[in-house]
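**Student:** In case you want the letters, here they are:
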Amino acid sequence: MQTLLIALMLPALAIPVVYGVGKKSAKIAALFLALISLVSLSLLLTLIPTVLNEGQYIESYYWIPTLGSAFTLFVDGISLSLAIVTLILVAAATVYSINYMEEKSSLPEYYALMSLLTIGLVGVFITSNLLLFYFCWELMLVPTYFIIGGWGYRESYNTAFKFFIFTHAGAIFVLLGIGAIYMLTGTLDIFEAQAILATVDPSILNWVLISFTAGFAVKMAIVPLHMWLPDAHGEAPAPMSALLSGVIIGAGGYAVLRIALGTVYSAMMPTGNEFLLVLSFFGVLSAFYGSFLALAETDIKRIIAYSSISHMGYVLFALSLFPVAEGITGGVLHLVNHAASKGLLFLTAGAVMHQTGVRDIREMGGLASKMPLTAIASAIAAFSIGGIPPFACFISEFHIFVGAVTAAGADGSYYLPTVLMLIATVFSLAYVLRYFWKVFLEAPKLKTEVKPIKTEDKDKQKTKNNDPPIFMVISMLALAAFVVILGIYPGLFIDLIHAVTSMG
Amino acid sequence: MNIVDVLLPTIVFTVCSLLTVPLLRLVRKTKLDPQHFMVAWITFTFSAAAFSVFRLAKEYFGQSQSVLQISSTDTILAPLSTVFLVDTVSVYMVIAYMVVGSISCLYGVLHTNPNEYLSERYYALLLIVTGTVIAATFSGDLLTLFIFWEATAAGSCFLVVYRKSRESLEAALKYLVMVIIASGFIIYGLSLVYGLTGSLNFWTVKEVLLTTGNTHLLLVAFAFIIAGYAIETAIVPFHMWLPDAYTAAPASASAFLSALVDQGSYYILLRVLLFILTPPAIVDWRLTIAIFSALTMIVGNLFALAQQNVKRMISYVCIADIGYNLIAITSLTSIGLQGNLFFFFVAAMETSLAFMVIGVFNKMGLENFEDLSGMGRKMPLTSFAFVCAALSFSGVPLFAGFIAKYMVFTSVLQSGVAWLALVGVSNSVLQTAYFLRVIHYLYAKAPKDDVDIKEPKKLLVPIYLLVIINIILGIFPALALDLLSTASTALIL
Numbered sequence: 001m002q003t004l005l006i007a008l009m010l011p012a013l014a015i016p017v018v019y020g021v022g023k024k025s026a027k028i029a030a031l032f033l034a035l036i037s038l039v040s041l042s043l044l045l046t047l048i049p050t051v052l053n054e055g056q057y058i059e060s061y062y063w064i065p066t067l068g069s070a071f072t073l074f075v076d077g078i079s080l081s082l083a084i085v086t087l088i089l090v091a092a093a094t095v096y097s098i099n100y101m102e103e104k105s106s107l108p109e110y111y112a113l114m115s116l117l118t119i120g121l122v123g124v125f126i127t128s129n130l131l132l133f134y135f136c137w138e139l140m141l142v143p144t145y146f147i148i149g150g151w152g153y154r155e156s157y158n159t160a161f162k163f164f165i166f167t168h169a170g171a172i173f174v175l176l177g178i179g180a181i182y183m184l185t186g187t188l189d190i191f192e193a194q195a196i197l198a199t200v201d202p203s204i205l206n207w208v209l210i211s212f213t214a215g216f217a218v219k220m221a222i223v224p225l226h227m228w229l230p231d232a233h234g235e236a237p238a239p240m241s242a243l244l245s246g247v248i249i250g251a252g253g254y255a256v257l258r259i260a261l262g263t264v265y266s267a268m269m270p271t272g273n274e275f276l277l278v279l280s281f282f283g284v285l286s287a288f289y290g291s292f293l294a295l296a297e298t299d300i301k302r303i304i305a306y307s308s309i310s311h312m313g314y315v316l317f318a319l320s321l322f323p324v325a326e327g328i329t330g331g332v333l334h335l336v337n338h339a340a341s342k343g344l345l346f347l348t349a350g351a352v353m354h355q356t357g358v359r360d361i362r363e364m365g366g367l368a369s370k371m372p373l374t375a376i377a378s379a380i381a382a383f384s385i386g387g388i389p390p391f392a393c394f395i396s397e398f399h400i401f402v403g404a405v406t407a408a409g410a411d412g413s414y415y416l417p418t419v420l421m422l423i424a425t426v427f428s429l430a431y432v433l434r435y436f437w438k439v440f441l442e443a444p445k446l447k448t449e450v451k452p453i454k455t456e457d458k459d460k461q462k463t464k465n466n467d468p469p470i471f472m473v474i475s476m477l478a479l480a481a482f483v484v485i486l487g488i489y490p491g492l493f494i495d496l497i498h499a500v501t502s503m504g
Numbered sequence: 001m002n003i004v005d006v007l008l009p010t011i012v013f014t015v016c017s018l019l020t021v022p023l024l025r026l027v028r029k030t031k032l033d034p035q036h037f038m039v040a041w042i043t044f045t046f047s048a049a050a051f052s053v054f055r056l057a058k059e060y061f062g063q064s065q066s067v068l069q070i071s072s073t074d075t076i077l078a079p080l081s082t083v084f085l086v087d088t089v090s091v092y093m094v095i096a097y098m099v100v101g102s103i104s105c106l107y108g109v110l111h112t113n114p115n116e117y118l119s120e121r122y123y124a125l126l127l128i129v130t131g132t133v134i135a136a137t138f139s140g141d142l143l144t145l146f147i148f149w150e151a152t153a154a155g156s157c158f159l160v161v162y163r164k165s166r167e168s169l170e171a172a173l174k175y176l177v178m179v180i181i182a183s184g185f186i187i188y189g190l191s192l193v194y195g196l197t198g199s200l201n202f203w204t205v206k207e208v209l210l211t212t213g214n215t216h217l218l219l220v221a222f223a224f225i226i227a228g229y230a231i232e233t234a235i236v237p238f239h240m241w242l243p244d245a246y247t248a249a250p251a252s253a254s255a256f257l258s259a260l261v262d263q264g265s266y267y268i269l270l271r272v273l274l275f276i277l278t279p280p281a282i283v284d285w286r287l288t289i290a291i292f293s294a295l296t297m298i299v300g301n302l303f304a305l306a307q308q309n310v311k312r313m314i315s316y317v318c319i320a321d322i323g324y325n326l327i328a329i330t331s332l333t334s335i336g337l338q339g340n341l342f343f344f345f346v347a348a349m350e351t352s353l354a355f356m357v358i359g360v361f362n363k364m365g366l367e368n369f370e371d372l373s374g375m376g377r378k379m380p381l382t383s384f385a386f387v388c389a390a391l392s393f394s395g396v397p398l399f400a401g402f403i404a405k406y407m408v409f410t411s412v413l414q415s416g417v418a419w420l421a422l423v424g425v426s427n428s429v430l431q432t433a434y435f436l437r438v439i440h441y442l443y444a445k446a447p448k449d450d451v452d453i454k455e456p457k458k459l460l461v462p463i464y465l466l467v468i469i470n471i472i473l474g475i476f477p478a479l480a481l482d483l484l485s486t487a488s489t490a491l492i493l
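Chains as they are written, first to last, in this note's numbering: chain Z, 1 to 504; chain P, 1 to 493.
Simulated from the structure, these hints should not be mistaken for lab results.
Quick caveat, the model's predicted, so the values are computed rather than measured.
No residue lacks a Cβ here, since even glycine has one placed at the ideal position from N, Cα and C.
Hints should not be assumed to be uniformly reliable.
To be verified - Subject to a maximum C-alpha distance of 27 Å in a straight line, what follows is the list of computed DSS-like cross-link-like pairs (lysine-lysine):
1. P/Lys-363 to P/Lys-454
2. P/Lys-363 to P/Lys-458
3. P/Lys-448 to P/Lys-458
4. P/Lys-445 to Z/Lys-104
5. P/Lys-378 to P/Lys-445
6. P/Lys-448 to Z/Lys-162
7. Z/Lys-24 to P/Lys-454
8. Z/Lys-23 to P/Lys-457
9. P/Lys-378 to Z/Lys-23
10. Z/Lys-24 to P/Lys-378
11. P/Lys-448 to Z/Lys-104
12. P/Lys-164 to P/Lys-458
13. P/Lys-458 to P/Lys-29
14. Z/Lys-370 to Z/Lys-445
15. P/Lys-378 to Z/Lys-162
16. Z/Lys-23 to P/Lys-454
17. P/Lys-174 to P/Lys-164
18. Z/Lys-23 to P/Lys-458
Claimed, not checked - If the Cβ cut is set under 10 Å, some of the chain Z residues that face chain P in the computed set are:
19. Leu-67
20. Leu-131
21. Gly-149
22. Tyr-157
23. Ala-160
24. Ile-165
25. Ala-180
Using the sequences and the hints, build the whole thing.
**Tutor:** Structure (structure tokens):
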């Protein structure tokens with residue numbers, strides 16, 4: 001069965017259909033795209049038993065033999081769980097777009113770009129070939145550029161330009177690393193390469209490792225390479241912000257784990273511990289920086305954007321515990337949970353902006369009674385991001401700290417970053433509570449006027465339910481349900497991820 | 001295989017080119033649409049030539065030798081005998097010329113009006129230059145190479161001057177002077193080489209270079225030859241003529257020249273540098289070329305960044321591309337050579353695609369960035385083609401430009417010259433930046449007036465042919481690379 005190939009290529013085959021149908025009705029095109037991503041998702045779900053039993057699942061096709069590349073698709077527990085959450089988020093964002101984007105122009109192009117983006121987002125996680133990985137890596141970038149530029153807020157093309165240049169420069173460093181791996185091993189498959197790299201002089205591998213990590217850290221928006229993120233996330237249309245913050249920067253974290261640490265670093269162990277310690281300090285720095293700026297910011301979307309920087313700091317810190325199994329499990333689980341929760345948070349923020357037309361949280365307040373469903377979804381997302389039990393992110397943060405303490409027990413220099421990281425969680429909680437209070441609970445300001453819902457039915461208007469239109473609500477509530485499930489029943493993903501990390 | 005087989009494509013082009021002038025004049029007097037006739041005529045010419053190339057390739061791949069030497073005389077080593085060589089590299093290059101050449105000639109016919117006075121000469125020149133480039137690619141001795149290359153350069157000058165405006169006359173004159181200086185250098189070097197070795201045949205000269213103890217004078221002679229070809233390739237600091245020439249020429253001529261003549265001149269440089277002056281056995285020119293390559297990239301990209309006129313910007317991108325090509329030459333690895341040859345094809349497609357799109361814009365009177373404001377909505381198909389060209393130049397995957405750049409950078413890492421890889425990489429980012437600026441104008445700015453612009457549908461046919469080939473090669477580069485994997489063994493002797 002070519003399960004993975006079909007799952008990856010379905011969005012590509014959907015592009016002409018989406019574009020063609022979109023000319024007639026953007027709504028049907030969006031529903032079709034959401035359906036396609038759900039089909040891909042169910043294809044991936046069928047692989048869960050195989051992955052749980054055998055550890056991984058591989059498909060390989062003829063591609064570019066002269067460059068040592070086969071078209072290798074591969075999933076193990078880590079990549080499968082990230083691909084699953086990606087497709088769920090894509091489906092939610094697409095359905096959400098139906099109402100959110102309906103007043104914008106050139107929607108066929110928008111949905112065609114979305115399906116192109118889906119290939120990149122999924123492909124990054126399900127390949128073990130570095131060249132194919134890079135294809136998907138850049139495929140995440142190009143459609144995003146046009147979506148931010150074409151449908152974003154304010155000076156959207158300038159923001160998109162900044163985003164493109166930053167991440168493309170990062171990608172070029174990744175490319176140098178890939179070239180170096182090909183030069184050293186003659187293959188581009190990460191597993192074959194890792195075996196050969198073990199025999200290579202570690203002093204060369206140091207440079208490869210740094211090149212990879214720097215390149216991925218740009219995408220991950222680790223301080224000081226984060227400058228593109230607040231603008232890009234802030235100005236993008238809400239569904240795009242959700243994907244950016246949920247999946248794209250998470251892909252950076254995944255790549256650090258899979259390629260920089262899993263392939264290069266594991267080949268040069270046990271030298272280079274200092275490198276991991278440096279990573280952990282960058283993680284702590286990002287966590288603090290993101291939280292402080294989120295506390296100071298007043299723009300609804302930029303708060304969430306800064307929170308993403310902070311959470312990528314958590315992930316980087318978790319990854320720096322490599323190869324402590326609990327730490328890595330926590331890091332990957334945090335990628336999954338953060339993707340779902342942050343995606344949801346961006347969607348609810350978009351709903352607030354859509355209904356009120358305001359983006360400064362000082363002008364908001366009291367929206368909980370006017371938009372109850374949005375408020376519920378937002379509360380679930382915000383409490384998860386804040387790390388409050390029993391919501392999703394609490395579980396993963398707990399894993400991370402268990403891992404950190406284990407690592408600190410083995411190597412005393414980890415105590416300092418672990419303690420600092422614990423302090424950072426307090427600030428994370430603080431900005432989340434401030435955000436939720438200001439937007440939904442505080443006494444309403446005079447300036448804020450909520451758009452009445454467009455309906456002829458007078459009775460409905462009287463109820464003063466100003467929740468956004470139906471498709472936005474559906475996608476938010478579905479995603480909220482997923483976040484809740486992640487929180488109270490994290491077992492499946494933990495099993496999937498732990499099966500990989502415990503093997504080392 | 002005899003000499004006629006090798007020259008058959010060139011003969012086809014020459015004959016058809018000579019017939020173009022009387023035939024088109026005849027057609028104008030009849031009721032036939034001259035444009036339809038010219039499209040048919042170009043198609044006929046290229047199919048006939050493609051058939052002869054196909055025969056040649058079939059014969060070459062049907063036998064076991066990796067390099068075929070075909071001479072006009074019975075003994076190859078007879079002094080001044082005309083020698084041709086057929087190997088994987090030259091066959092590949094000719095195929096690449098045929099693909100891009102046919103599309104850009106088709107564009108030339110659609111872009112310039114065949115009813116125009118003297119346009120028949122323009123088409124005849126397009127065809128004959130294609131023929132001479134192919135012959136130069138097959139040549140196996142320095143004199144044959146020189147003759148066919150000068151014929152190409154002369155033809156190119158007249159393509160540049162077609163519009164007869166002030167700028168084009170000046171640019172063509174500049175080009176002509178540079179070509180004459182270059183040929184002076186080359187012919188001086190050739191006479192020295194002939195005097196010292198008694199032959200101009202690639203293999204004989206190389207043999208003498210390898211066996212003679214004191215090769216200083218010969219190397220001086222080659223320094224002249226390389227300098228001559230470097231001028232025609234427009235390596236910085238000999239690049240001044242190129243932006244003027246390509247900006248002043250009609251867009252279809254720029255597309256054609258950048259695809260065939262430009263790539264052909266790199267190819268010749270590569271032949272001479274690798275085939276005759278093979279490092280490190282004969283002379284180690286790697287560092288020198290590496291420095292020139294870095295210089296060419298930096299100057300090309302910085303000047304491109306500073307331009308306001310889109311066509312001029314693309315001309316500077318052509319120069320920057322030479323830099324990337326030179327990187328690969330210096331690496332001397334198999335992947336570098338494959339990357340280089342792949343890059344020739346890709347750069348030919350990219351640059352001619354970009355010039356073709358600009359030709360469409362120019363037809364609407366749009367020349368500077370400001371004029372392009374908001375054209376993304378008014379001319380969606382044309383703008384999309386430009387975006388494809390820009391992304392391919394920037395080395396973004398799905399487009400063939402990525403594979404080419406990837407191979408070039410990997411090869412230079414493999415040869416251990418990390419600084420050159422870094423220069424190349426940072427240039428690549430710079431290139432992305434200024435291409436994004438154009439995309440920014442196309443999509444982000446509001447159009448200046450509300451005049452409705454109709455896209456010329458006919459011109460989009462050749463443009464989208466190139467876009468499709470580019471994307472296919474970007475996703476399945478193995479189509480070209482499988483052919484090239486034997487080529488690298490043929491080049492490193």
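**Student:** Hint by hint, say whether it matches the structure.
**Tutor:** Verification of the hints:
1. Between the alpha carbons of P/Lys-363 and P/Lys-454 the distance comes to roughly 11 Å, so the proposed pair stays at or under 27 Å and holds.
2. Between P/Lys-363 and P/Lys-458 the alpha-carbon distance is near 13 Å, which keeps this suggested pair within the 27 Å criterion.
3. Our distance criterion of 27 Å between C-alpha atoms is met by P/Lys-448 and P/Lys-458, whose separation comes to about 26 Å.
4. Annotation: proposed proximity of P/Lys-445 to Z/Lys-104 holds, straight-line Cα distance about 17 Å (limit 27 Å).
5. A hinted pair counts as satisfied when its Cα atoms are at most 27 Å apart, and P/Lys-378 with P/Lys-445 qualifies at roughly 12 Å.
6. Taking the CA atoms of P/Lys-448 and Z/Lys-162, the gap is near 25 Å; set against the 27 Å cutoff, the hint holds.
7. Restraint check for Z/Lys-24 and P/Lys-454: satisfied, since their Cα atoms lie roughly 23 Å apart, inside the 27 Å limit.
8. Restraint check for Z/Lys-23 and P/Lys-457: the C-alpha separation of about 20 Å stays at or below 27 Å, so the hint holds.
9. Distance restraint check for P/Lys-378 and Z/Lys-23: the Cα-Cα separation of roughly 17 Å lies within the 27 Å cut-off, and the hinted pair is therefore satisfied.
10. A threshold of 27 Å between alpha carbons decides the hint, and for Z/Lys-24 with P/Lys-378 the separation of about 20 Å falls inside it, so the pair holds.
11. Note on P/Lys-448 and Z/Lys-104: the hinted pairing holds, with a Cα-Cα distance of about 21 Å set against a maximum of 27 Å.
12. For the given pair, P/Lys-164 sits about 26 Å from P/Lys-458 by alpha-carbon distance, which is consistent with the 27 Å threshold.
13. The hinted pair formed by P/Lys-458 and P/Lys-29 meets the criterion: a straight-line CA distance of about 24 Å does not exceed 27 Å.
14. At roughly 13 Å between alpha-carbon atoms, Z/Lys-370 and Z/Lys-445 fall within 27 Å of each other, so this suggested pair holds.
15. A C-alpha spacing of about 25 Å is found between P/Lys-378 and Z/Lys-162, which places the hinted pair at or below 27 Å, so the restraint holds.
16. Distance hint between Z/Lys-23 and P/Lys-454 is fulfilled; the C-alpha atoms sit about 20 Å from each other, no more than 27 Å.
17. In summary, the hint linking P/Lys-174 to P/Lys-164 is supported, as the alpha carbons are separated by about 14 Å, within the 27 Å threshold.
18. A hinted pair counts as satisfied when its Cα atoms are at most 27 Å apart, and Z/Lys-23 with P/Lys-458 qualifies at roughly 24 Å.
19. Evaluation of the Z/Leu-67 hint against chain P yields a held restraint, the C-beta minimum of about 7 Å falling below 10 Å.
20. This hint holds: Z/Leu-131 has a C-beta 8 Å from the nearest C-beta of chain P, less than the 10 Å allowed.
21. For Z/Gly-149, the interface hint holds, since its Cβ comes within 10 Å of a Cβ in chain P; the closest pair sits about 6 Å apart.
22. Hint status for Z/Tyr-157: holds, given a least beta-carbon distance of 3 Å to chain P, under 10 Å.
23. Annotation: Z/Ala-160 was flagged as interfacial toward chain P, and the flag holds, the nearest CB pair being 8 Å apart, inside 10 Å.
24. Because the closest C-beta pair between Z/Ile-165 and chain P is about 6 Å apart, less than 10 Å, the hint holds.
25. For the restraint placing Z/Ala-180 at the interface with chain P, the shortest Cβ-Cβ distance is roughly 6 Å, inside the 10 Å limit, so the hint holds.
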